[in-house]
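Asks: The sequence shown runs 0 to 88 under numbering that gives the first Met the number 0.
The hints are simulated quantities; they were obtained by calculation from the structure and are not laboratory data.
Backbone N, C-alpha and C define an ideal beta-carbon position, used for all residues, glycine too.
Treat the hints with care, as some may be off.
Here are the computed lysine-lysine pairs in the DSS-like style, where the Cα-Cα straight-line distance is at most 27 Å [to be verified]:
(1) K84 <-> K5
(2) K27 <-> K5
(3) K71 <-> K84
(4) K33 <-> K48
(5) K5 <-> K25
(6) K11 <-> K27
(7) K72 <-> K4
(8) K14 <-> K33
(9) K11 <-> K77
(10) K5 <-> K77
Taking CB as the label site, the calculated pair distances span [said to hold, decoys possible]:
(11) L61 <-> N26: 16 to 24 Å
(12) K29 <-> M86: 31 to 39 Å
(13) K48 <-> S87: 30 to 38 Å
(14) H55 <-> G18: 17 to 25 Å
(15) R46 <-> K1: 26 to 34 Å
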Amino acid sequence: MKIIKKIINLIKNSKNHNGYSYSLIKNKKKMERKILEESFELICEIRKKSNSNFIHEFCDLLYHMLVALVYKKISFNKIKSELLKRMSN
Numbered sequence: 000m001k002i003i004k005k006i007i008n009l010i011k012n013s014k015n016h017n018g019y020s021y022s023l024i025k026n027k028k029k030m031e032r033k034i035l036e037e038s039f040e041l042i043c044e045i046r047k048k049s050n051s052n053f054i055h056e057f058c059d060l061l062y063h064m065l066v067a068l069v070y071k072k073i074s075f076n077k078i079k080s081e082l083l084k085r086m087s088n
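Input sequences plus hints: build the corresponding full structure.
Replies: What follows is the structure in structure tokens.
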């Protein structure tokens, strides 16, 4: 979980106006398209017998979902709480 928080902080504190994370946060449509694209790519990898590219696509989607968290100003602790709540049901 520490690495997730570290990535979120890097995205949040990105001061590079030419950077990829910044461009996604400033362009909601671009961010939405990337999440859709990465979701589709992960689904394609799930369907394959080989796992050779699965981790790469999983991380791509996770990264873009973390950008969305920063965009929505939702703390990772709220996500963690929701996951824990679901595990107890």
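Asks: Could you grab the alpha-carbon distance between K27 and K5 and see if it respects the 27 Å cut-off?
Replies: holds (23 Å)
Asks: Assuming the hint says 26 to 34 Å, is it satisfied by the Cβ distance from R46 to K1 or not?
Replies: About 32 Å separates the Cβ atoms of R46 and K1, which means 26 to 34 Å holds.
Asks: With the threshold set at 27 Å, check whether the alpha-carbon distance from K11 to K27 stays at or below it.
Replies: holds (15 Å)
Asks: When you check the alpha-carbon spacing of K14 and K33, does it fall within 27 Å?
Replies: holds (21 Å)
Asks: Holds or violated: K72 and K4, Cα atoms, limit 27 Å.
Replies: holds (13 Å)
Asks: Do the beta carbons of H55 and G18 sit within 17 to 25 Å of each other?
Replies: Since the Cβ atoms of H55 and G18 sit about 21 Å apart, the hinted range of 17 to 25 Å holds.
Asks: Given the hinted pair K11 and K77, is their Cα-Cα distance within 27 Å?
Replies: Given that 27 Å is the threshold and the Cα spacing comes to 16 Å, the pair holds.
Asks: Keeping to a limit of 27 Å between CA atoms, is the pair of K71 and K84 held or broken?
Replies: Distance ~21 Å between K71 and K84 Cα, so the pair holds.
Asks: Could one say that the CB atoms of K29 and M86 fall in the range 31 to 39 Å?
Replies: At roughly 33 Å between Cβ atoms, M86 and K29 fall inside 31 to 39 Å, so the hint holds.
Asks: Would you say the C-beta atoms of L61 and N26 sit inside 16 to 24 Å of each other?
Replies: Because 20 Å falls inside the window, the suggested range holds.
Asks: With a cut-off of 27 Å on the C-alpha distance, tell me whether K5 and K77 pass.
Replies: holds (16 Å)
Asks: Could you grab the alpha-carbon distance between K84 and K5 and see if it respects the 27 Å cut-off?
Replies: holds (23 Å)
Hint compliance for this structure: no hint is broken.
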